[in-house]
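Asker: Each chain, letter by letter, is given below.
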Amino acid sequence: MALHNTMTTVTQQRVRGRPAHPSGPTFLTYTPNGKKLVTAGSNNVIRVYETDSDGEPTNIDDCQENNTAIAATNDFFLAGSEDGTVCMYSLDSFTYEKMLTRCTLPIRDIALSPDGQWAAIASDELEVKVVNIADTYRVLYLRGLPKPAKHLSYDPSGTYIAVSCTDGIVYIYSLSTEEPQIVRKVDGLIRILETESELSSRAVWHPDGRAFAAPTATRDIQVISSDDGERQRVFSGGHMGDVTALAWSPNGALLITAASDRKILLWDTKTQKVLARYDHPNVINMVWHPFDNIVSFVTLDGELFIYPTFLPSDAVPLLEKTLQSAPFIRDPLTEISGNSRKPLTNGVKVKVDPRGKRRGTPDTLDDILGPIGDEDDFVSDDDGAGYLGEVNGYGKRSNGHLDAIDVFDSKRRAIYQAFQPAIHDSFQPGSTPWRGNRKYLCLNLIGFVWTVDQDTHHTVTVEFYDREFQRDFHFTDPYLYDKACLNKNGTLFSCPPANGNPAMVFYRPHETWTTRADWRTQLPAGEDVTSISLSESYIVVTTSANYVRIFTLHGTPFRIYRQKTSPTVTCASWRDYILTMGNGPVGGDGSTKLLYTIENIKRDEVCQSEDIVALTEGAQVKSVFFSDSGDPCIYDSTGVLLMLQHWRTPGQARWVPVLDTKQLERLATGKKEETYWPVAVAQEKFHCIILKGGDQYPYFPKPLLSEFDFKMPVSTSAPQEKPETSAALEGPKLEESFVRSSLLLSLLEDLVTSTNATHAQRTELSRREVEVDKALLQLLNVECREGEERGMKALEIVGLMRDRGGKMIEAAGKVAGRYGRTVLQEKIGELAEWRLMGMEDDE
Amino acid sequence: MALPLPAGLTPPETAFLCEMELVTIIPRQRLEKLNLLGGPTPPFAPPHRTATPLWLALLLKRQRRANILPPPWLSPRSLSSVLDLEKSTASFSPPPALPPHTTTSPPFLPSATAGAPPDALPYHWLELGEMLLEAASDDIPEPDNVRRLMRDLREVRMAKMRAGVGVLEGGREVNLNGVGGGWR
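Just so you know, the sequences run in chain order A and B. Under our numbering, residues 417 to 1259 are what the first sequence spells out, in order. Under our numbering, residues 1296 to 1479 are what the second sequence spells out, in order.
Any given hint might turn out to be false.
[As the list claims (entries may be wrong)] In silico DMTMM-like pairs for lysine to aspartate or glutamate, Cα to Cα no more than 25 Å straight-line:
1. B:K1328 to A:D882
2. A:K1087 to B:E1464
3. A:K1108 to B:D1439
4. B:K1328 to A:E1123
5. A:K1118 to B:D1439
6. A:K563 to A:E541
7. A:K1101 to B:E1381
8. A:K1118 to B:E1437
9. A:K601 to B:D1439
10. A:K1088 to A:D1044
11. B:K1328 to A:D1125
12. A:K1087 to B:E1381
Calculated from the structure, these hints are not laboratory results.
With the hints as extra help, turn the sequences into a complete structure.
Answerer: Right, dumping it as structure tokens:
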């Protein structure tokens, strides 16, 4: 194994084992302040060691025998025993304080929440108790386990508990609800172990809270990301025996594991390589000192070893680093390309993208952890237990939870206080960020492109919905493409600069009549692709140098210019029209205004120049695309789909909401909690992927597309308490349909006047005109039915009719007549005459 | 000569009638409009959903040219809620409400498309459910569960109807609203 040549077997001066307890399972824990070390074993004495003294420990006699678990805060500690009791002892007076709880079966593990106010207790019973320390009658139960739990661990925020169950599954419970709920099950990770087994299946949270590690059946340590349950990096090939204990260093940069092969291994988190090996048999529990270079462990013989200067000198700098990130295959927070995972927020909590400013210093804590994504963070601090709560003004997690480690905190904050505008990150519409080793490069109505990271290369697969139209294909990709576009003609890829190679764009047409038609082109060195777009006639590439590069489909550079707004955000294209989006001037809320430009490349005309993307405060653009009839659409983070009306005339464009997904009928019951991931707008429907369970992006297996009709947020439909008249329900519906069909008519009118319209389009246009009037006629019908007193509104409705031929107004008169509204009928007649004479004119 | 068939409709006949019902499919390939005796079929453009008659959907499904979107009521959740209702009351769960201003009846109502109400079983629920389970079980979430619930529901309704026969002998009537067709 490659790892073996890097390892060093450390032969430190042997630390004398301290006989703490008789032989048998022994447990130990440090208090969070690191001053005391508490051990418990099979006899009825619990020992408390002072960290800096070699003297005799303080003994607490007359405890329960056969202790099975121990947990401590600075003031007290809890000890669980085989007789099913959990007792609390004071660390000030070293005396018994109270019995916390009692179970019918032996206690197996105790975990204290980071704030020290709750203790999670696993016993051989099927439920895990979470007991409040101050008020032991307040108990939460983690239910739904098929077999008893073996290990428990709190995540660093105290919101989640990972339960390693004896059925070989790790259950993640969320404590943010009244009744704790299972939010994730991770199967196939740990072994099936008995509760009294000396081996470990403990899931240990990495100190950054985004992942946990657990020993697998193959004697490896697997890291699992907590927000999606995906397998991340693995610490493999180290142990020849089953793992009995594991612990992350307080900053997460190192991992120690002990196994039944009589070895303790020290791993580097970043490289997953063994840094050192120590020979120690029968180690069953192991803890790091909260901040010093001390590791303590106990053996099956009841001996306690306290290792000062545990780390070899070359590893000490690792321990002195600030909080390190968990070993992700694709760290969503260091991801530069792909979607902007990080929301742009305005107002009080100004969150700033530090990346633009700081590209020079990689791997600093802030670079890796970045600002907290509001919606992406699995860990949300509901109870104010700290950790996440301390987001400073710039969206940073402060290092307050790390106690003494971070000495720079105050200084740093001072630096941060300088004003920085919040910038909208660039993103590629239709792509998802990495999750595990996969991501979708492109998802649209033609098909989807996805890639799998194979460490040295990627494999890219292109699949089509219409299987007759094109055959699916896939290829090995040494260039590590991270963006793609797919349409009927071909597929466009781009890769970032890597290994000294410049960024590259690659186009592969689906059909050719020559032998070789795909082409690739390299961008000038140092220029990165921020987004790409493919239309039926042009290829658009926006770059980090703020250039917009336009190529023809077969690779002829056609135009290049610098975008007026920078940094660029994204682009989209449809036939000869391209839409580019960039960060404009800074608004009053401290974030940049998004500006878009639409131009016709072929005619070299600018349709809209530096116009504002209408967003509400704090919202951001999730996706930009052209509908199938060529109208620009955006979907924003508030769940509203907006279409651009009159965009071909400069200065006339405006964003019209066509669907508010928050007001969908399927959500009316309030039971469903789902979000929508935009895919396309086609045939006057919004195509999207429904995401459940707090997911932000679609994942594998390939999700089903759903479609929703447009429904403009004109008014909320009346609450259905007393549907006295059907008119009360029909009215708002018809009003909405009037506004909607007017919008669709105007979009089509614009299209027909600006292009060489086909005959079909013209008939469609007249059909739509009739449709608008029809909606009005139905509205009139409702008004007439409602009563005589609605006459004025009814007449107004008739006045709104476009009605070229006069037929509709005639019909309106008949409707009024049918309900016996003679006055109204007369007035409608007058109106019709006026119109006929052309007297009713402008204003 | 009399036909050796029992009175009423045979199972193939009820199935045939049910095949007029519209279901929603996701076509897997493009297909232009076909002019058939029963009217033109809609053009298919993947991945857009299309409502087609069940017979065409089954044909396309068997040839793997389409995926059928099961109607919302053919889900374990809806079926079990209907089953719970049936178990707790003596009558049958109500059929889906008719849309306003309609005079048509099944199979000309879109009662089995993706937009159908999830909480009420339409007239052809039994035949349609069976046929979809037989031909497109891979498109239905938890098919075994659905099959079991359908069977349970059938048993419950069967028991109620048998009990109803006893009432009929007393010269009274039994309300069969919502029970659906296809019983033999």
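Asker: All hints are to be evaluated individually against the structure, with a verdict given for each.
Answerer: Okay, the hints, checked on the actual structure:
1. For a cut-off of 25 Å, the pair hint linking B:K1328 to A:D882 stands: about 16 Å separates their Cα positions.
2. For the proposed pair A:K1087 and B:E1464, the alpha carbon gap of about 46 Å is over 25 Å, so the pair is violated.
3. For the proposed pair A:K1108 and B:D1439, the alpha carbon gap of about 23 Å is at most 25 Å, so the pair holds.
4. For a cut-off of 25 Å, the pair hint linking B:K1328 to A:E1123 stands: about 22 Å separates their Cα positions.
5. For the hint pairing A:K1118 with B:D1439, the CA-to-CA distance comes to about 22 Å; that is within 25 Å, so the pair holds.
6. Distance hint between A:K563 and A:E541 is fulfilled; the C-alpha atoms sit about 8 Å from each other, no more than 25 Å.
7. Taken as a hint, the A:K1101 and B:E1381 pair is broken in the structure, with Cα atoms around 37 Å apart against an allowance of 25 Å.
8. Restraint check for A:K1118 and B:E1437: the C-alpha separation of about 18 Å stays at or below 25 Å, so the hint holds.
9. Between A:K601 and B:D1439, the direct Cα distance comes to roughly 23 Å. Compliance with the 25 Å bound is thereby established for this hinted pair.
10. Only pairs whose Cα atoms come within 25 Å are accepted, and A:K1088 paired with A:D1044 is rejected, the gap being roughly 30 Å.
11. Proximity of B:K1328 to A:D1125 is assessed by CA-CA distance (about 23 Å); at most 25 Å being required, the pair is judged to hold.
12. With a C-alpha separation of about 23 Å, the suggested pairing of A:K1087 with B:E1381 holds against the 25 Å cut-off.
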